[in-house]
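Peer 1: The primary structure of each chain is shown beneath.
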Amino acid sequence: MKDTNACADDTCRAPVSQRTQVVDAPGTSATVKLKIDDHELNIPMGTTILEAARELGIHIPTLCHHDDLCVAGVCRVCLVEVEGQNTLQASCAYPITQPITVKTHTRKVRQARRHIIDLLLSKHYGECYSCFRNNNCELQSLAKEYGVDFFRFGHPEKPLYEVDRSSYSVVRDMNKCVLCRRCIRTCIDLQEVGVLEAAGRSDGTTISTYLDKPLGEVVCINCGQCINRCPTGALRAKDRTDDVWAAIDNPEKHVVIQTAPSPRAGIGEEFNQEPGTPMTWKMNTALKRCGFDKVFDTNFTADLTIIEEGTELILRLYKNLVQSDSSQPLPQFTSCSPGWVKYIEHFYPEYLPHVSTCKSPQQMFGALIKTWYARMNNIDPANIVSVALMPCSAKKFECNRPEMRDSGYKDVDNGLTTRELAQMIREAGIDLPEMPKSDFDNPFGTATGSGVIFGSTGGVMEAALRSVIEFVTGKKVENFYDHANIIPVRGFEGCRYAELQIPDEVGPVPELIQHLVPNWDWLKGATLKVGIAHGTANAKKVMENIKAGGKFSECHFIEFMACPGGCLGGGGQPIPTSPEIRAARARAIYAEDAAYGDAGKARKSHENPAVLRLYSEFLTNGPCGHKSHHLLHTHYTARGKYIG
Amino acid sequence: MTIRNNMTLSSVEKNKGLAAAMKMEPAGVIGIIRGSGMKGRGGAGFPTGAKWHFAASAKGERKFVVCNADEGEPGTFKDRVLMDEWPDLIFEGMTIAGYAIGAQEGILYLRGEYTYIRKALEECLAKRREENLLGNHVLGNSNFSFDIHIHMGCGAYVCGEETALIESLEGYRGEARNRPPFPVNTGLNGMPTIVNNVETFAWTSAILVNGADWFKAIGTSKSTGPKMLSISGDVECPGVYEFPMGTTVNDVLDAAGCDCAKAVIIGGASGHCLPPAEFSRAICYEDISTGGAVIVFGPDRDMLDVAESFLEFFADESCGQCTPCRIGNVKLLEGVRMLKCGKCSTNCLRDLCALGETMQCASKCGLGQSSPNAFLSIVRHFKNEILGRACTAAES
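Chains S and H, in that order, give the protein sequences. Be aware that the first sequence starts at 1, since it is given in my numbering, and climbs by one per residue. Be aware that the second sequence starts at 1001, since it is given in my numbering, and climbs by one per residue.
Treat the hints as calculated values from the structure; they're not laboratory data. Just so it is clear, the structure is predicted and the values come from calculations on it, not from any experiment. Even glycine gets a Cβ: it sits at the ideal position worked out from N, Cα and C. Hints may be right or wrong, so weigh each one.
[Unchecked claim] Selected chain S positions facing chain H (Cβ under 7 Å, derived; list incomplete):
#1 C75
#2 G84
#3 V109
#4 A112
#5 F153
#6 P156
#7 E157
[What the hints assert, rightly or not] Computed Cβ-Cβ distance ranges for the label pairs, DEER-style:
#8 D1302/H to L41/S: 52 to 60 Å
#9 R1034/H to D149/S: 53 to 61 Å
#10 C1154/H to P214/S: 41 to 49 Å
#11 L1387/H to Q273/S: 53 to 61 Å
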């Protein structure tokens, strides 16, 4: 399942020098003869030497190359010898269009690679054992692969650059940067944000921001995709593990953690498990052994989000279609991805009225923990430390937004990434894969399959549709889609569009929202149009389509996720990432959803008993009611893309 | 006066070549250029006719003719003189090229430091538009419209590399692209583009007037035609000279007035350094190719100073994109400075030379591939001079 649409070719702003180069007859059936080391074969015209080598199992080392990104050809580590050429050729950037003979490890090649590694090390400040990427660093691996046992061209004795810690989410340390420019290509090409660019030249070249401003002051959306693709420790998420340990160590504090669906699908990779090995129940045990007082499932508020956001959608539809009130315009955009929210605040602020006012599941949970949960358990909210385990670096920014204090306290005190939690688990001496299984804690314990699939692109849409279809038709989703799997909204295509026909026969309005709409007659036979985009480059495509009055402007509801693949590809997930790894994590997530069904548990948000209990005991004026508006909804800031 | 000997271009009648081209099929024009055997005058020596042929056969909604007037190689100034003296021949050559490959637009990428020439060039262009030598239906040819504008460089040496030049034209940082594909297929804005040196276009006009055979009769069999050289350094008469391709270094030195040269660097900072024993070598593509720079060093020059000065230039001008060039030039410079104060061991020098060879074969573009040339050839030919310096602790 190749994530082919991750790069938005038609809107691409990356310099041509760093874009996939078009060669004659690409993708046609024409083949060309290649002789590489001992192999001779015919390959499709335009295949790069690197691709061909990989296909044959020939290892060529790379550094600036990344499966998600366009070609750069700048590090020169992947050089090979092409017969008849005076110079060595970068195999990642050499499309084969005529018969060639390639040698991948001649003396000349080995010497050049070794020199390049020596040169990179001569500018790479830092010691491996004090680096968070120790044992997971591509430069370190290369040095080992090429037997580096001394610094031929020296090694920096002191740092040259100040570490940029200005952002809530991303820490940038140019001292460790090897100028592979993956972060630039990620930011410009994959994400279409364009915060990072090369500045200066020669060995004064740096990766810089607009006017070299700190990352916290530029239009960075905190998605952290650059972190996931950095080969070294130059980029990392801001580490909050010390704060969390301090809270755990403090007996006065009641430390709770909510865990999002994606970390459990990814954290196994930090413990040498195959990508896509689910760790849900073992992770619960590990968290408790780490010392968290309660372990909750963010899927609870994912289900709650569906009820709130679904109700908001129904209200928007009713207002726009029946009452001709366009104060809350269509299509409604999802708001659970904080990277996406900051993206639209910067780049399309005029469309903010389209964004659902619902807080993200993380922040809804935060607000409820320090109100409902605190009251129920008679705990002073001031003594609760609320931690959120997220696959995301942007969540760190989100929990620090000034508007996220509706409980009267900071709703979520700390966001942890999957990588940080793995670190804590290791520090506690816990072998995660060997943990016994345990359940989430009450009162939020039970979640549904719909909450789980929030982790994948299309998941929010599928969860919402499961509930909306049942609300409106009064019938089970299974009548329309086998096993309630709404396949049309699944997949990894960058921008997706789907239509759902609402039957002529509608059901009664469920009790939960009876006070909001009188009946469903106005939806009889209507066509519900929905859109999905993941990765902000694709979000941009959809936004531009809406601006131009294209088919996405006719949508009623659009799911936007800042990260390629959705949250499972988030900036806080284990490194490395690739289309294959993300697909494996998605399989884990959909398998967990299916397992809810197999176990006879609820798979639809509106069937979540804890959510229903919340509405009967606490949010008594229902979804989108006064109290829910106060605690679960928010507003946004039109930031614009021009910064002072 | 910087022109030092008889210049063929002085006697070439303006616009006669263009008029002749307009009477031919584009393929016929390319045939003449191919027949002349002319190779690019920028120094790389790619056959001009072949380049045009590729661009002419490439598919593209639009095509571009780019004149590389980003003359940044230290020791090269013949393009400046060409633009001062014969702007018409250059624009005429570009127009002929445009006709030959089917382009509608030409761009002269002018070195930032040559801003002062721009006014005269613009006036020349305006006049050519008035005379219908540019614009709609050039010289009444209803199938051919062509115009030229000038784009200013901003001082980056790397923008003389054709793909970096194209990046710069597109508004990006001047950085070389991956090749293949080549600009003749995927150039400016992804369209087929030819990038030729100023001198190449001037000779194009001359060839269309005097014929391919005339051009071919000058020079050697593999390097046809005359070549402009910029001669500077320790000579009596520095300036721009014209020689037939294949002229020996000795003859060049005689003409410029120097009988005691210790070394000559052909090709500027990125060129090769020759000791007197090699002065009998010929300046042509099959022996020592050059874009036109000949820098002469007298007996009192310190060759390490020369290497240091060139490497300072490259350590500053590397675009910073690829590893070997970005860091390699700096390391070579550090090495030269160590040599100067007698602190570079022979082991260390061997490492540096090996690094230089890696840079030559591993760098992404011509800049890094040629920047170690001068250093390596100085080490090769002047080893005794550069080793054995007194160890001067003060400079450590």
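Peer 1: Does the beta carbon distance between R1034/H and D149/S stay inside 53 to 61 Å, or does it fall outside?
Peer 2: Check passed, 55 Å falls within 53 to 61 Å.
Peer 1: With a cut-off of 7 Å, does the beta carbon of P156/S approach a beta carbon of chain H closely enough for the hint to hold?
Peer 2: Since the shortest Cβ distance to chain H is 12 Å, the answer is violated.
Peer 1: With 52 to 60 Å as the target window, see if D1302/H and L41/S comply at their CB atoms.
Peer 2: holds, 55 Å
Peer 1: With a cut-off of 7 Å, does the beta carbon of F153/S approach a beta carbon of chain H closely enough for the hint to hold?
Peer 2: holds, 5 Å
Peer 1: Tell me if the interface restraint on G84/S is satisfied: Cβ within less than 7 Å of some Cβ in chain H.
Peer 2: violated, 14 Å
Peer 1: Quick one, is the A112/S hint okay against chain H at 7 Å, beta carbons?
Peer 2: holds, 4 Å
Peer 1: Mind checking the CB of V109/S against every CB in chain H and telling me if the closest is under 7 Å?
Peer 2: violated, 9 Å
Peer 1: At the C-beta level, are L1387/H and Q273/S separated by a distance inside 53 to 61 Å?
Peer 2: Distance hint for L1387/H, Q273/S holds at roughly 58 Å.
Peer 1: Hey, does the C75/S contact hint survive, CB to chain H under 7 Å?
Peer 2: holds, 6 Å
Peer 1: Can you let me know if the beta-carbon spacing of C1154/H and P214/S is within 41 to 49 Å?
Peer 2: Taking Cβ atoms as reference, C1154/H and P214/S lie about 27 Å apart, which means the hint is violated.
Peer 1: Does E157/S hold up as a contact with chain H if the rule is Cβ-Cβ below 7 Å?
Peer 2: violated, 14 Å
Taken one by one, the earlier hints fail for this structure at numbers 2, 3, 6, 7, 10, listed in ascending order.
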